[in-house]
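Protein chains: 2
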Amino acid sequence: MKPAELPTPALVVDLPTLEENVATMARRWPGESLRPHVKAFKSTALAKLLDRVGHHGFCAATLREVEGMADAGLGADILLANETLDTDRLAALARRDDLRLTIAVDSIETIEAAAAGGVGEVLIDVCVGLPRCGCEPADAGRLADLARDRGLAVRGVMGYEGHIVGLEDRSDRRNGTDASMADLAAAHQLVGGAVVSGGGTGTWDLNSSVTELQAGSYTLMDTAYAALDLPFTQALTVAGTVLSVNRSRGFAVADVGLKALGMDHGLPRVEGHDVWFCSDEHVTFAPRDETPWPSVGQAISVLPAHVDPTVAYHERMHVVRDDEVVDVWPVDLRNW
Amino acid sequence: MKPAELPTPALVVDLPTLEENVATMARRWPGESLRPHVKAFKSTALAKLLDRVGHHGFCAATLREVEGMADAGLGADILLANETLDTDRLAALARRDDLRLTIAVDSIETIEAAAAGGVGEVLIDVCVGLPRCGCEPADAGRLADLARDRGLAVRGVMGYEGHIVGLEDRSDRRNGTDASMADLAAAHQLVGGAVVSGGGTGTWDLNSSVTELQAGSYTLMDTAYAALDLPFTQALTVAGTVLSVNRSRGFAVADVGLKALGMDHGLPRVEGHDVWFCSDEHVTFAPRDETPWPSVGQAISVLPAHVDPTVAYHERMHVVRDDEVVDVWPVDLRNW
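Same order as they appear, the protein sequences are chains U and S. For what it's worth, the numbering used here labels the leading residue of the first sequence as 2, then goes sequentially. For what it's worth, the numbering used here labels the leading residue of the second sequence as 2, then goes sequentially.
By construction, these hints were calculated from the structure, which means they are not laboratory data. What you were told as hints is all true, and nothing was included just to trick you.
Computed footprint of chain U on chain S, listed as stretches where at least three residues anywhere in the stretch have a Cβ under 8 Å from a Cβ of chain U:
| id | segment |
| --- | --- |
| 1 | 75 to 85 |
| 2 | 245 to 252 |
| 3 | 280 to 289 |
| 4 | 301 to 313 |
Counterexamples of contact, computed for chain S against chain U with all Cβ distances above 12 Å:
| id | residue |
| --- | --- |
| 5 | Glu20 |
| 6 | Arg28 |
| 7 | Glu33 |
| 8 | Lys49 |
| 9 | Arg101 |
| 10 | Ala180 |
| 11 | Arg270 |
| 12 | Val327 |
Under the rule of at most 25 Å between Cα atoms (straight-line distance), these lysine to any residue pairs were calculated in the SDA-like manner:
| id | chain 1 | residue 1 | chain 2 | residue 2 |
| --- | --- | --- | --- | --- |
| 13 | S | Lys49 | S | Glu325 |
| 14 | S | Lys3 | U | Asn336 |
| 15 | S | Lys3 | U | Gly118 |
Virtual Cβ for every residue (Gly too), placed ideally from N, Cα, C.
Assemble the whole structure, with the sequences as input and the hints as a guide.
Laid out in C-alpha cells, this is it:
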C-alpha cells in the first residue's frame, strides 16, 4: 500500500529517516550508554529496533510502559524514570523474572513505596533546575541512606535538565547543561553508585557528564526539536486527507485535528502552507506563495509540534520505505 | 471504590452534575430538537443516558463514531457532521439496517463520495463564518441540486458558528450567532428540506433559528466553557496523585500530564493552586494563599481546559455518585 492510500488521520514513520537518526545517536552514545526513553514513541516494535542496535536498557515514564516492555521481552534493564506510589503494581512487577526494574525515588514516601513493592533497585532523582520531580541536590545523600536502610540497592542518581533541552541558543543550552550537571554531580558525590542518568535529545552532544543519556524524541523528532541545531530529522508525520477547499475565503481543511496532535508546543506545520488553527478533527491552512491550491481528496502530511503527546493519541504507526507501507507498529505502550 | 483510590491518572465523571446538565439542556431542547455531539464524550454509555431522556438523534465527527454508535444500538438517526471521502466505509455503513445515516457535504467531491458510498441522505454544510468546512451560502442551492441529481435526499442544511460559541461577551455571542444564522437561513432558502442544524453549548440559549441544536460539551464541560455565563457545571475531572513536593522551590507535582489532557485551550486548573506547566506525565502547581501544601500520595483533581481532546486520550471514565465509583464507561468511540 502507498502511504497516500492510508485511511486518515494516520501516523506515518519514514523508516530510512528513523534509521539514520538512530545511527547518528548510536555513534555518540553506543550500546547501553544510551537509555532510550520509550515515552516518546510508546511502541515496543520501535524499541526492538533500538535493542537490535545495542541499546538494551530503556527508560519508561509509566508503569504501563514498564509492563509492556517486559511483556515484549525487552525487560533486561528498565528504569522507571518517574515517581510512583502504586505498591500493588510494583509488587506484581517485582515478581517477574523477565524484568530488571530500577525506579526513581525523591522522597521518603516514594522510597517506602519501592520497599513495600519489593523493588530491588532505585536511583535518587535529583532536581537540577526543572520544576518537576527530584529532591534537592543536598538532600540526595540522606535519601540514599534511607533507601539503603530499607534494603534497596541505590544504583546512583538521575536528573533531567528539561528546562534546558529546548533552548534555541546553543551556548545557552551548553551553559545550562553544565550548571544542571554540576548539581547532579554534587548529588552523586553524596549518593555513590555507578549510574548518573540524564540528558535528552536537545543536549545529546552537550551533556558529557552522564554515564547514560535518556533520549527518545531523537528517533521520530518534531517541529519543536527540528528548530534546534540537531542532526536528527523528522521521521514522523500525520497523514491527512483534504476534506474541503474554500478559495474565496482563502483556506483549505484536512482531517488532522486536536485529537491526532499534541498541541502543547503549538500548531503543527504543513509544508508550503500557513496553518491557521486546529479543531477537534480538522486543521485549517492556506497555501503560501507559489504553493498550488490543494484539491478535495488530496493526501497531505502534517508535521506535529511535539512527538510524545501526538503518538499517544494513535493506535498504530505505519512504517514507510520508498513510498510503500512496509510495516505497521502498534502504539502498544499508551495509556497508563 | 472511592474515587480517591483509583489508579491515576483517571477520568472521573460526577454523575449528579452530568444529570443536572442534561436536564437543563433538555428543558430548552427536548427530545430530538437536541442532536447531542458524541465527539465531546466518545462514549456510547453516556450516549445511552441521553437516549433515555429522549435525544434519539446524534451527531458524530468521525466514521468510527458512527460505526460505534450503530454497534451500540444507537443508530436511529446519526448525522456525520463532517465531510468524508471514504466511500468504502460509507458503503459498509449504507448496508446496515440498524442505522439511518445522514452526512454533511460541501463540494462536488463529497457529494460524489456520498453517492458512490450509497448513502441515502445528506445535509448541505454551509460556512457561516468559521473557517472550516462548509460551502459558501450562495453556493448551497447548486450543491443541493447536484446532490439530488445524484439520487441523494437532501434533508436540509447545517452550519456551525464555532467562531462564536466561545466569545466571553454574551452580546457578542448573540450578535455573532444572529449573523451566522442569517447566512444559514439564506442557504436554507436555496436548499429546502426540514432540517436546519447548528449551534453548540456556547450558543445554546442564543441560537433560536435551528431546528436542532448540535451540542456535546454541555454534558461534561471544561474550564473554557465554564468561563462563560452558562448554567452547565464541570462534571469531568482528571484524578491524579501527588508524586513530589518541593517546598523550598515552591511547587508540587502530580501525575496528570500532556497525555491525559487536551492542551489546545491552555493549562488545566487545580482548585486552590496555580498551575505552572504540564509535561508528558506531570502537572506542576503551587498552592495559593491559604491552601495547605499537598502531601506525597494525596489525591487531587485536575480540571481540563478542553473536554473533547482530553476524553480522547483515555480508555474509560469512572462514574461517581456520593463519593463512590458506581460505574465505568468505556471511551469506546475514540480513534478513527
